[in-house]
Structures are given as structure tokens and as C-alpha cells.
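Chemist: Each chain, written out:
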Amino acid sequence: MKKILIPVILSLLSLIFLFSYQTGQLSDKVLTIIFCDVGQGDAIYIRTPGSIDILIDGGPDKKVLNCLSENMPLVDREIELVFATHPDADHIAGLADVMQSYSVKSFNTVAEKKKTKIFETLEKIISEKKIPYQEITAGSQFTLSDGVTIETKWPKAGFSSQDTNEHSLVQLLKFGNFDLLLTGDITYQILDGLDLNSDSIEVFKLPHHGSKTGVDNSTFEKIKASLAVISAGKNNSYHHPHPSVINLLKKFGVEYKRTDKVGSIKIVTDGKTTRVINN
Amino acid sequence: MLRFIVLLSLILALRLVLFYTFQDKSSVIRTNSRTNIKVIREVKGHLKNIYRSALNPKDADLLMGIVFGENLDSRSKEKFIQTGVLHVVAASGMNVSMLTSFLLGTLVIFLKRQHTLLVTSIIVLFYVALADFQPSIVRAGVMALFAFGAGLVGRQNTSFLALFFAAFVMLFWDPRILTSISFILSFSATLGIILLDPILKHGWFGHSFFEDFRTTISAQIATTPILLFFFGTYSPISIIVNFLVLWTVPPLMVLGGAAAVLSLVYETLALPLIYLALPLLSYFQSVVDFFAKDAVPIETNSIPWAIVAGYYLILLSGIMWLYKRRSEKLEMRS
Numbered sequence: 001m002k003k004i005l006i007p008v009i010l011s012l013l014s015l016i017f018l019f020s021y022q023t024g025q026l027s028d029k030v031l032t033i034i035f036c037d038v039g040q041g042d043a044i045y046i047r048t049p050g051s052i053d054i055l056i057d058g059g060p061d062k063k064v065l066n067c068l069s070e071n072m073p074l075v076d077r078e079i080e081l082v083f084a085t086h087p088d089a090d091h092i093a094g095l096a097d098v099m100q101s102y103s104v105k106s107f108n109t110v111a112e113k114k115k116t117k118i119f120e121t122l123e124k125i126i127s128e129k130k131i132p133y134q135e136i137t138a139g140s141q142f143t144l145s146d147g148v149t150i151e152t153k154w155p156k157a158g159f160s161s162q163d164t165n166e167h168s169l170v171q172l173l174k175f176g177n178f179d180l181l182l183t184g185d186i187t188y189q190i191l192d193g194l195d196l197n198s199d200s201i202e203v204f205k206l207p208h209h210g211s212k213t214g215v216d217n218s219t220f221e222k223i224k225a226s227l228a229v230i231s232a233g234k235n236n237s238y239h240h241p242h243p244s245v246i247n248l249l250k251k252f253g254v255e256y257k258r259t260d261k262v263g264s265i266k267i268v269t270d271g272k273t274t275r276v277i278n279n
Numbered sequence: 001m002l003r004f005i006v007l008l009s010l011i012l013a014l015r016l017v018l019f020y021t022f023q024d025k026s027s028v029i030r031t032n033s034r035t036n037i038k039v040i041r042e043v044k045g046h047l048k049n050i051y052r053s054a055l056n057p058k059d060a061d062l063l064m065g066i067v068f069g070e071n072l073d074s075r076s077k078e079k080f081i082q083t084g085v086l087h088v089v090a091a092s093g094m095n096v097s098m099l100t101s102f103l104l105g106t107l108v109i110f111l112k113r114q115h116t117l118l119v120t121s122i123i124v125l126f127y128v129a130l131a132d133f134q135p136s137i138v139r140a141g142v143m144a145l146f147a148f149g150a151g152l153v154g155r156q157n158t159s160f161l162a163l164f165f166a167a168f169v170m171l172f173w174d175p176r177i178l179t180s181i182s183f184i185l186s187f188s189a190t191l192g193i194i195l196l197d198p199i200l201k202h203g204w205f206g207h208s209f210f211e212d213f214r215t216t217i218s219a220q221i222a223t224t225p226i227l228l229f230f231f232g233t234y235s236p237i238s239i240i241v242n243f244l245v246l247w248t249v250p251p252l253m254v255l256g257g258a259a260a261v262l263s264l265v266y267e268t269l270a271l272p273l274i275y276l277a278l279p280l281l282s283y284f285q286s287v288v289d290f291f292a293k294d295a296v297p298i299e300t301n302s303i304p305w306a307i308v309a310g311y312y313l314i315l316l317s318g319i320m321w322l323y324k325r326r327s328e329k330l331e332m333r334s
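So the protein sequences, as listed, match chains A and B. Quick note on our numbering: the first sequence kicks off at 1 and runs consecutively. Quick note on our numbering: the second sequence kicks off at 1 and runs consecutively.
Any given hint could turn out to be false.
[To be verified] Which chain A residues face chain B? A few, computed with CB under 8 Å, are given here: (1) LYS3; (2) SER11; (3) LEU12; (4) SER14; (5) LEU15; (6) LEU18; (7) LEU65; (8) ASN66; (9) SER69; (10) LEU74.
Calculated directly from the structure, the hints in this document are not laboratory data. By construction, the Cβ of each residue, glycine as well, lies at the ideal position given by its N, Cα and C atoms.
With the rest of the complex left out, here is chain A (with noise of 0.2 Å):
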């Protein structure tokens, strides 16, 4: 009997310490955005200062819980908007393991769709768990009550391509000061042709892992940004980032971090101040 009944109390005291910490630590009003390392893929966990969780893809597969089990506070199983650029499997995969393992509050996505069988799993399951579904286009916006905004620059509504990478979803949250550009896998033909309406970009995520498709130089004449962050796969079949791509970064003094050398990456900003963490 003492060998359970010890660890169980053990184990009530770190909760009730774990509870408290994770409050304390929550209630600092901050945003905290992860890029997690999924491999070859794209997904963004992002947690807002009202503690509201948002997830931008899933990545290729189950590996998305992972990071969000790192990162989530350890009772919250709610995610309040999950968001899909575009049905590319590398995007979506992994939100198919999300959404039955969390309680997923709405999916949006683009109106876009792909005969694939991932992506009639995710239909089925977003049907079957009667998740709240929406297809948003350019103009579209989210406002959180703690300040957070989340605007959708592309696609616009009636696009038509062949290419299912032009169709990602272009979107820019803001919080304060701090501007974060999330671009899926748009291409620089439309990417440079989208008004973003902000002098500054903080954190820019490189369309399409950092593939030449995503960016040129007039990318970086007309995006000023900090910080630029490239979701790769290590040693992926495609050599992504491409090293084009790796140079203009360089041309343009823009740093940058790349999630298959340093695993997943860690943003926290009060929207004045941005730091960046290392795991």
C-alpha cells in the first residue's frame, strides 16, 4: 500500500506545483510562437497572451503531438484555431493526429482541395467530431480579445491555378509591435505582388521550406525583416533550403534559423521585445 500511496501523494504535490507554476508563468502576457521541428514539413504553434492556443499546419505526421505536448500547459487539451495553408500532405498530415487527440474549436482553410486520401481522412474526421469549418480568403481577420490579430493576405477569392502551392494561405499576426509573416508554400510571383501593409516584419517564415520557388530578391527589398525562419527537413530528398536562397538571406543581413539545424524553434515576445529561444 505505502508503495502507491507515497508516489500518488508525491505525485498530488507536483500537480498542485505544476498548476501553480504554469499559471504564474502564463499570466506574464506574452506570445510565445514555436516553429516545431517536423522534419520536411510546416507547423506552427502559436499561444497568445489570453492563453488562446493556435495551430498553423501539422506537418507530415504524428511527430506535431510531440511538440505541442512540449509546449501546451499540461491540462489544456483545447485548440482554439487551427489553420491549414494549403492540402499538401507535408501541411496536413499530422493535423489528422491533432484533431483526435485534441478538441479542435475551428479549422480554416483555403477552398483549394486535393483528392488525396489524407485529405479525405481530415474531411472525415472534421465532419465526424463536427468541428467548426471555414474556408477563408484575403481580407478575412481574426481579433482576439488579448490583442492578437491574425489577417489573411492571399488567396484571394476566385483564384484558380493549377499549382496547389500558390493557394497557401499568406497571413500576418500581429501583437504590438511584433509582426510575424506566415506564408505556407506561396511562391515569390505572388508573395511580391501581396500589399502587407507593415513597415517591419519581426519573424518571417520562408514560403515552402526555403525552396527558390518561395522567395527572389525582390522578396527582401520589400520585406524588411528581422528574423527569418526556415521549416526543413535535415538532409531532405528536395535540399531544401536552397542555397540561392541561404545567399540572399546572407545579401540582405536577414538572420535566420532553420528548424533541421537547430530542432524546433522557440519565439516569445510582450510586443515590444522579441527574444528568440534555443532548445
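Position chain B against the provided structure of chain A, taking the given hints into account.
Modeler: Same frame as chain A, now just chain B:
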């Protein structure tokens, strides 16, 4: 007792000879080992959802593994193998012995002894099915029921006999299991614990604080050559990791098991218990994560069977010598 063992051995030998003489070749091919009974599947799905409603998936899977021997995802599994704690989620026999002793202890208050045994057997059988009839669970189930049955007729100290009986039942049922590695490991580990633990108890590690340590060492002495023989790897770090995490297993089983039962009545009742399991699960995971980073397994290119056989002969003679010396000492004292 000896006569009983000899008799069972003869029956078993006959069964094995007959089986392998008239073996139907098609039966060698084994299909999916997962239990495919609808009720079992549904109950399992329900329990998984309950655990996942309060825990992150990684912890939920670990709890499911500890209570029902469910499989982990490949990344976690790899880490558990590296640190030598996979046996915890491979439904160790501890689950069954705890379940059985709990059931027997409570049911005996309300029922006649024979009825208690019957009801317990049915529940244990259901549990064994939930755990996909994994050899270690079946072994433990047979052993626990046998030990209690023996208790009914007034016999004590029956663990060795119970183990032998369990092996007999399982091999008689399906002789192919003789070549199953999990069966071999499960039996040698249990035998190691039964024989070596009493010896270690009289040595330096007598204190109950070292109980998990003794269990680990006993099991490892008995299984390491088999592991090396079949897999060619062994991670020395597993002794430390096991010592650090094993104490969390019994409380986790109780919390997870009780939550499972309560959730069948009313789901919300289960939640406090699952939350209570959370710190223990996080601790378990962090220990495994921490040690998996620097685990360097010892690798050998297949060791010859003769060395393995020699090892066990020496081990057995050592054990027999120690037992003999101990009984001589006891005689001298009396």
C-alpha cells in the same frame, strides 16, 4: 511436487512431439496478433479516448501501455528500447498480479472462495483479452490464478510451481509459442526474479528501497544473454533507468486502472485520477528522454549458442550452490 513436475513435463513432451510431427505447414504463418473481438476493441477505444481527453497523446499512450500493454508510437518505442524499459509497456506480469490480488482481496469479502476464484478468472480473462493475449500477460494470469488456487488447498510458496504450470498450459495450448521471443524472455525473467531475488535480499540489497533494483538485476541476469543472442544489443544504462522509473509503475497502474473502471460508470469521475497520474507520467518520460539521448548500447555480432548455454549452466549451479549453503546455515542455526 517433483512427481507433479515430471508428469507435466512428460505430457508436454508428448504434445510437442505430436505437434511437430503432424504440423500443418500453413499454421506456421501467423496472422495479425491483435485481438479482433468487437467489445474488446470498443472498450479499448473508449479508454484511449478517456486518457487522451486529459493527457497529451504521448502520456496517454504511455498510461495505456502501462495498464493494458498497448503499443507506443515508433519514436517513443525506440527510446524505450534504448533505455531498456520497454518491458513496462509490454504489459508486464505485474499488471495481472495486481489486478488479481485486488479482485481476490475484495471479492472474497462478498463471495465464497470458489466463486471468488471463478469471477476473478473471468475478469482476468477479459483483461488478458484487452492486452491482446500477450504471452507475458497470459503467463502472469495463469500464474496468479494457479497461486490462488494453490492457496485454496493450503499450499504456500508456489511461485516456481505456478510458473512451471503457466508454461505448461501455454505450451500445451499452442506449442509454437516455444519459439516466441517474448515468451522466452517473459519466462526467463520471471524465473530469474523467483530464484535470484531471495539471494540478493540476503546480500547488500536487503532493504525494501532496493526492491526495484533487485528485480531489475535479477531479470537482467536471467535475460541478457538471450537478448544478446537474438538481438545482438544490450544497453547497460537500463539498470539505472529501471531503478529510476519502476517505482512509478504500480501507482500508475492503480490510477490508470481505477480511472478506466470509473470511466465506464461516469466519465468525469475518471478525470481527477488521470490528472493525478500526469506528474508521474511526465517524470517517467523525462527520465527516458534524458537517458535515451546518450544511451550507447553494447553491440555484438551474434554470440554462439554454446556460450549462452554455458552461461546458464554456470548461473544455475551458482544459484543451487548458494541455496544449498543457505539451507545449511539455517540448519546449523536451528
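Chemist: Each of the hints needs a verdict: does it hold here or not?
Modeler: Outcome of the hint check:
1. LYS3: Check passed: Cβ of LYS3(A) comes within 5 Å of chain B, closer than 8 Å.
2. SER11: holds, 5 Å
3. LEU12: holds, 6 Å
4. SER14: holds, 4 Å
5. LEU15: Holds: closest Cβ of chain B sits about 5 Å from LEU15(A), inside 8 Å.
6. LEU18: Hint holds; LEU18(A) Cβ to chain B Cβ min 7 Å, cut 8 Å.
7. LEU65: holds, 5 Å
8. ASN66: Holds - the Cβ of ASN66(A) comes within 8 Å of chain B, reaching about 6 Å at its closest.
9. SER69: holds, 3 Å
10. LEU74: holds, 6 Å
Every hint, counting from the list given before, is met by this structure.
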